[in-house]
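Those sequence lines, one after another, are chains A and B.
Just so you know, the first sequence maps onto residues 25 to 565 in the working numbering.
Just so you know, the second sequence maps onto residues 25 to 565 in the working numbering.
Read the hints as simulated data drawn from the structure, not as lab findings.
Incorrect hints may have been included.
Under the rule of at most 35 Å between Cα atoms (straight-line distance), these lysine-lysine pairs were calculated in the DSBU-like manner [stated by the list, open to error]:
hint : chain 1 : residue 1 : chain 2 : residue 2
1    : A       : LYS439    : A       : LYS472
2    : A       : LYS404    : B       : LYS317
3    : B       : LYS44     : B       : LYS34
4    : B       : LYS317    : A       : LYS446
5    : A       : LYS317    : B       : LYS312
6    : A       : LYS312    : B       : LYS404
7    : B       : LYS404    : A       : LYS441
8    : B       : LYS404    : A       : LYS439
9    : B       : LYS550    : B       : LYS376
10   : A       : LYS376    : A       : LYS472
11   : B       : LYS446    : A       : LYS446
Protein chains: 2
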Amino acid sequence: MGYREIARGKQEQRRQRISKDWILAREHLASSNLLKVPEVCGILTGRELEITGKYDAVGLVEKIANGSFSAREVTLAFCKRAAIAQQLTNCLTEIFFEDAIQRAEELDRERAANPGTPLRPFHGLPISLKDSFKIPGYDSVIGMTCFANDPDQTYSPLAQLLLDAGAVLYCKTNVPQTMMTADSDNNVFGRTLNPTNINVTAGGSSGGEGALIAMRGSILGVGTDIAGSVRIPSHCNGIYGLRTSVGLVPMAGQKDPVAPGTDGVAPIAGPMATSLRACEHFMKTVAKSSAWKYDESCLHLNRWDTRPKHTNIRIGVAYNDGMFTPWPPVRRSMQQAVSKLRSAGIEMVDLKMPDLHEAVSTTYRMYSLDGCRFVQNLIKQGEEPEVESVKRTNLAAIPSATLDDFFALNAARSKVKEDFQKFWLDHELDALLCPPAATTATPLDEWKCITYTMLWNLLDYPALIIPIGKVTDQDVVDGVENAIFGEEDQQNYKLYTGPEDFKNVPTTTQLIGMRQEDDRLMGVAKMVDEALHSQSGPSKP
Amino acid sequence: MGYREIARGKQEQRRQRISKDWILAREHLASSNLLKVPEVCGILTGRELEITGKYDAVGLVEKIANGSFSAREVTLAFCKRAAIAQQLTNCLTEIFFEDAIQRAEELDRERAANPGTPLRPFHGLPISLKDSFKIPGYDSVIGMTCFANDPDQTYSPLAQLLLDAGAVLYCKTNVPQTMMTADSDNNVFGRTLNPTNINVTAGGSSGGEGALIAMRGSILGVGTDIAGSVRIPSHCNGIYGLRTSVGLVPMAGQKDPVAPGTDGVAPIAGPMATSLRACEHFMKTVAKSSAWKYDESCLHLNRWDTRPKHTNIRIGVAYNDGMFTPWPPVRRSMQQAVSKLRSAGIEMVDLKMPDLHEAVSTTYRMYSLDGCRFVQNLIKQGEEPEVESVKRTNLAAIPSATLDDFFALNAARSKVKEDFQKFWLDHELDALLCPPAATTATPLDEWKCITYTMLWNLLDYPALIIPIGKVTDQDVVDGVENAIFGEEDQQNYKLYTGPEDFKNVPTTTQLIGMRQEDDRLMGVAKMVDEALHSQSGPSKP
Numbered sequence: 025m026g027y028r029e030i031a032r033g034k035q036e037q038r039r040q041r042i043s044k045d046w047i048l049a050r051e052h053l054a055s056s057n058l059l060k061v062p063e064v065c066g067i068l069t070g071r072e073l074e075i076t077g078k079y080d081a082v083g084l085v086e087k088i089a090n091g092s093f094s095a096r097e098v099t100l101a102f103c104k105r106a107a108i109a110q111q112l113t114n115c116l117t118e119i120f121f122e123d124a125i126q127r128a129e130e131l132d133r134e135r136a137a138n139p140g141t142p143l144r145p146f147h148g149l150p151i152s153l154k155d156s157f158k159i160p161g162y163d164s165v166i167g168m169t170c171f172a173n174d175p176d177q178t179y180s181p182l183a184q185l186l187l188d189a190g191a192v193l194y195c196k197t198n199v200p201q202t203m204m205t206a207d208s209d210n211n212v213f214g215r216t217l218n219p220t221n222i223n224v225t226a227g228g229s230s231g232g233e234g235a236l237i238a239m240r241g242s243i244l245g246v247g248t249d250i251a252g253s254v255r256i257p258s259h260c261n262g263i264y265g266l267r268t269s270v271g272l273v274p275m276a277g278q279k280d281p282v283a284p285g286t287d288g289v290a291p292i293a294g295p296m297a298t299s300l301r302a303c304e305h306f307m308k309t310v311a312k313s314s315a316w317k318y319d320e321s322c323l324h325l326n327r328w329d330t331r332p333k334h335t336n337i338r339i340g341v342a343y344n345d346g347m348f349t350p351w352p353p354v355r356r357s358m359q360q361a362v363s364k365l366r367s368a369g370i371e372m373v374d375l376k377m378p379d380l381h382e383a384v385s386t387t388y389r390m391y392s393l394d395g396c397r398f399v400q401n402l403i404k405q406g407e408e409p410e411v412e413s414v415k416r417t418n419l420a421a422i423p424s425a426t427l428d429d430f431f432a433l434n435a436a437r438s439k440v441k442e443d444f445q446k447f448w449l450d451h452e453l454d455a456l457l458c459p460p461a462a463t464t465a466t467p468l469d470e471w472k473c474i475t476y477t478m479l480w481n482l483l484d485y486p487a488l489i490i491p492i493g494k495v496t497d498q499d500v501v502d503g504v505e506n507a508i509f510g511e512e513d514q515q516n517y518k519l520y521t522g523p524e525d526f527k528n529v530p531t532t533t534q535l536i537g538m539r540q541e542d543d544r545l546m547g548v549a550k551m552v553d554e555a556l557h558s559q560s561g562p563s564k565p
Numbered sequence: 025m026g027y028r029e030i031a032r033g034k035q036e037q038r039r040q041r042i043s044k045d046w047i048l049a050r051e052h053l054a055s056s057n058l059l060k061v062p063e064v065c066g067i068l069t070g071r072e073l074e075i076t077g078k079y080d081a082v083g084l085v086e087k088i089a090n091g092s093f094s095a096r097e098v099t100l101a102f103c104k105r106a107a108i109a110q111q112l113t114n115c116l117t118e119i120f121f122e123d124a125i126q127r128a129e130e131l132d133r134e135r136a137a138n139p140g141t142p143l144r145p146f147h148g149l150p151i152s153l154k155d156s157f158k159i160p161g162y163d164s165v166i167g168m169t170c171f172a173n174d175p176d177q178t179y180s181p182l183a184q185l186l187l188d189a190g191a192v193l194y195c196k197t198n199v200p201q202t203m204m205t206a207d208s209d210n211n212v213f214g215r216t217l218n219p220t221n222i223n224v225t226a227g228g229s230s231g232g233e234g235a236l237i238a239m240r241g242s243i244l245g246v247g248t249d250i251a252g253s254v255r256i257p258s259h260c261n262g263i264y265g266l267r268t269s270v271g272l273v274p275m276a277g278q279k280d281p282v283a284p285g286t287d288g289v290a291p292i293a294g295p296m297a298t299s300l301r302a303c304e305h306f307m308k309t310v311a312k313s314s315a316w317k318y319d320e321s322c323l324h325l326n327r328w329d330t331r332p333k334h335t336n337i338r339i340g341v342a343y344n345d346g347m348f349t350p351w352p353p354v355r356r357s358m359q360q361a362v363s364k365l366r367s368a369g370i371e372m373v374d375l376k377m378p379d380l381h382e383a384v385s386t387t388y389r390m391y392s393l394d395g396c397r398f399v400q401n402l403i404k405q406g407e408e409p410e411v412e413s414v415k416r417t418n419l420a421a422i423p424s425a426t427l428d429d430f431f432a433l434n435a436a437r438s439k440v441k442e443d444f445q446k447f448w449l450d451h452e453l454d455a456l457l458c459p460p461a462a463t464t465a466t467p468l469d470e471w472k473c474i475t476y477t478m479l480w481n482l483l484d485y486p487a488l489i490i491p492i493g494k495v496t497d498q499d500v501v502d503g504v505e506n507a508i509f510g511e512e513d514q515q516n517y518k519l520y521t522g523p524e525d526f527k528n529v530p531t532t533t534q535l536i537g538m539r540q541e542d543d544r545l546m547g548v549a550k551m552v553d554e555a556l557h558s559q560s561g562p563s564k565p
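From just these sequences and the hints, can you work out the full model?
Right, dumping it as structure tokens:
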């Protein structure tokens, strides 16, 4: 079977798993405001619109807990809304709505049978997962034809943990071919669209999650991030997303586009959600579940203490990373954010980032130790062409490293980490605020700017995306001479063509904490989030 | 300069740093009981014998704190006793007694000037360090001629941490050439002898520490351990020693016999001491010092909670590791220990260890990823021959690995770790008791049996040596047919030639805890140590 046929088969299978009653009328598919379609298409009842539209994950768990909603009706509502999101943005890969509804019914029965038993932290909450997480009986294609029609046998450890915490799993979400680009486009399932504006990328590699959550087809999902794969789609779709420290959230047992045992920069799993407190609830639940019992590589930390270290917190601000000049809307929203935070009485310290060229080149080389041979072989096995965003990475030209090179890279990374920690301690930071990228969501296949996200992967610092607003009419194009970091920066800067082309595209900010202190970062983030959204804002729970 | 001349120079320099008044009379050098010499040689005053002989590190810190002893007199006493230990066992490398006494005087003055200020946790306590730790102005030869006469510029992070905690640093201790064998013998400083019986090895690579502490020339020192280098000399010399979990104690910034950035099995730094509570005090002090501020690779754990997880603790017992048959004294002391622990009401569960062949071969290959080329080059640079124990490792025959091999080894290790964790959880263990080796201290250059120690390095589980007693007349030789694990096992078994040859040689046991739960292991160890030494025993504080 050729790759096109395989794709047709997989897409047909996916379509079959959506009830006929949930198929959108043609007019809605062509809507100019995809985010509004769930409310106007008539597929969800008023109560289902309330369930999916009014609460964040914590609020919804509370509503289930107090008996306002059953697990079944919550699950059904999200299955419907996810089905709509799928039709509009192509965000899903595997659909298992029927299993989910069965599971929800079991949870309802369990609860009815044991009314005195305290509910688990995710009791009845539908949680979506990036395609790389394994669910028995379903594929983990991760954008590669060669993995189609090869159902998994076991749950990934994190999926198991979430089930043990009472969650309902109902769908998996789309990624790029190779999982290595920021455009969630592949030959099996096609491209995920950004529901805020279909002319810009939904981001990647957890782009399906980004689009699904922006559509509120999910209010809490899990992505993975080795260079920005949780944060870029969170940024592009205007949701919360956390790049967790390595070893806090089980990452083991996923389908992988690299050889087993690959070292270098470690990928992490992290929450993506419609609220900050949903991310916190996720992290706390994982911490309290002894994550290491699910994935032996997890730290025996078990701590969840969000109290900041100081009463008067101090946040550094880096307006750029010295590699890419922020676009006008990014600049403007950073300035507004900082001024709001200052008004809220938080000490904000303008900083110049240390020179990152060494860090960036070390990181790039660590991403491709095997010269990306493993993933190229996967593409070859699938007898499929590279999609555009993969083509642009020019995989064949990436050199491989020797073991000695790898050791030298380890040593270089240690130096970068030492220097950066010194920078952090010298400035007595509780957190650092910087853009998640120089850009908003870019035109399709044009994402170049991963320096703002990948630095925190190299350093292993937790980094959180907090939505701010969107591109506004103030964000007029300015001259390319404002891009001061060289040729590549100018190319990137020119991609911004003004507020008309980027209508409704989200703006966000990135808040970074100290390594393995994700709990403390969350404590600071609560203050920041509150200050940013005190008067208005799209993202209050 | 040839290597012999360099050695003469270094040894002469070392001799110069011992006051003439502290030189032992010839008769004492030939004593048949080295451990007694400090008490009978007349160099230490009665008060100095009390200071060095009567307390463990915690007790001594208390005595300094309550004003019974000044930091200066404590330091002077240990300098004297270390000088004696050096003359008897050749355990020291760099000596900086004068700096130490100055430092102690400063501490005394500081205290007198600020009588109300609480003392730091190591105020005035002399702590000895393995030769690999750097002290400005002194060499870190680590047994390699090429590193002689090249004084360091900075403190190793852990040395700095200890100073910040009030410690007095006064000497560094001997190691094997390459730091990769269990015999602390090299061309620069020669061989360290075991003060319990000079016919058996002092162990290694932290063998100088082992001998020095057995002599009570130190009551708390720091070794490092990648395969057993803290535990083997602790075992051979009958002291406490902890292989800490990776990332708890700063390991960075030491002189290293491998290339910067070398990966594989990570070495750790850990305490060696005359008491369990000294090891605990060390670990707690490091934890409370935010170790990561000294060494960015340390975990942001900061936890020190020795409460066991269960009220009724449950300890697994593995009498052998399925690779090497324990010698008669090892067998006997394990049995006696288990029976004592059972009498004390601790639940002891006899277990058969999982098959370790895969783990052992993975570990060996991870130790020598570069085919030991780096260390061979160091030997070449020093234009020196290999010492006997290094010769026996046959460095030149060790193959190097490719990056793909390394990834495959990582994957193999993950599997071993998963399997072992399952074993641990299935048996609901709070700790595991097993011998530190199939042997006691062996005849010189004969140490083969690192499987009992290195497994915990591969798995990254904390492992503690607890002294039990010594070889007794009951420990008669038995037939080699009792060694049931093959040829190599039989060779090893035959090395035991009966209690006469192994007179006074210590027996110990090894208590293992769950990864990164060194604090909890210490909690269990307290109960074990108490039970083992409730009636008698050499090692009560």
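(Q) Run the distance test for LYS312/A versus LYS404/B: straight-line Cα separation, threshold 35 Å. (A) 53 Å, violated
message = For a C-alpha distance cap of 35 Å, please report whether LYS404/A and LYS317/B respect it.
response = 47 Å, violated
Practice item. Please work out if LYS439/A and LYS472/A have their alpha carbons no farther apart than 35 Å. Key: Since the Cα atoms of LYS439/A and LYS472/A sit roughly 26 Å apart, the hinted pair holds (cutoff 35 Å).
Is the straight-line distance between the alpha-carbon of LYS317/B and that of LYS446/A 35 Å or less?
-> 9 Å, holds
When you check the alpha-carbon spacing of LYS376/A and LYS472/A, does it fall within 35 Å?
Since the Cα atoms of LYS376/A and LYS472/A sit roughly 22 Å apart, the hinted pair holds (cutoff 35 Å).
Quiz prompt | Agreement of LYS404/B and LYS441/A with the hint, judged by alpha carbon distance not exceeding 35 Å | solution = Between LYS404/B and LYS441/A the Cα gap is close to 33 Å, so the pair holds against 35 Å.
Quiz prompt | Pair hint LYS550/B and LYS376/B, alpha-carbon separation not exceeding 35 Å | solution = 25 Å, holds
### Message
Hint check: LYS404/B vs LYS439/A, CA-CA at most 35 Å. Holds or violated?
### Response
With Cα atoms ~28 Å apart, LYS404/B and LYS439/A stay inside 35 Å; holds.
For a C-alpha distance cap of 35 Å, please report whether LYS44/B and LYS34/B respect it. Satisfied, since the Cα-Cα distance of roughly 18 Å is no more than 35 Å.
Practice item. Would you check the hint for LYS317/A and LYS312/B, treating anything up to 35 Å between C-alpha atoms as holding? Key: 26 Å, holds
Discussion item. Would the hint linking LYS446/B and LYS446/A be met if the CA-CA limit is 35 Å?
Written reply: 39 Å, violated
Violated hints, in rising order: 2, 6 and 11; the structure is consistent with all others.
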